[in-house]
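Input sequences plus hints: build the corresponding full structure.
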Amino acid sequence: MLEKQRNEIDELDKQLVALFEKRMELVTEIGNIKQKNNLPIFDESREIVVIERAVSRLKDPSYKPYASCFFKDLMTITKKYQRSLFEE
0 MLEKQRNEID
10 ELDKQLVALF
20 EKRMELVTEI
30 GNIKQKNNLP
40 IFDESREIVV
50 IERAVSRLKD
60 PSYKPYASCF
70 FKDLMTITKK
80 YQRSLFEE
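Numbering (numbering that gives the first Met the number 0), first residue to last: 0 to 87.
None of these hints come from the bench; they were simulated from the model. None of the values given here were measured: they were computed from a predicted structure.
For each label pair, taking beta carbons as the anchor points, the in silico distance ranges come out as:
{"hint": "1", "residue 1": "E24", "residue 2": "D72", "range": "17 to 25 Å"}
{"hint": "2", "residue 1": "I8", "residue 2": "E87", "range": "34 to 42 Å"}
{"hint": "3", "residue 1": "Q4", "residue 2": "E86", "range": "35 to 43 Å"}
{"hint": "4", "residue 1": "F85", "residue 2": "M0", "range": "44 to 52 Å"}
{"hint": "5", "residue 1": "E7", "residue 2": "E43", "range": "30 to 38 Å"}
{"hint": "6", "residue 1": "R5", "residue 2": "I76", "range": "20 to 28 Å"}
Just so it is clear, CB atoms sit at the ideal spot from N, CA and C, and this is done for glycine as well.
Here is the structure:
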């Protein structure tokens, strides 16, 4: 009954993991640049732009609060990761 939909979600999850890893590689590069140039990890204006841009790309506006939350959480994860780079 749900097998087809779950298989599709499994495929999407596989793609999300690959995209997440690629994004984190870029986050690492950015973190290193910030560290070398004594730049802060948190850039509120950049976060706002990233989240607003992502949400504006939605086809279904009913997903807006959830997409916003998803990207806020993603930004929180990347800041936490960049902080760990600064501690090394």
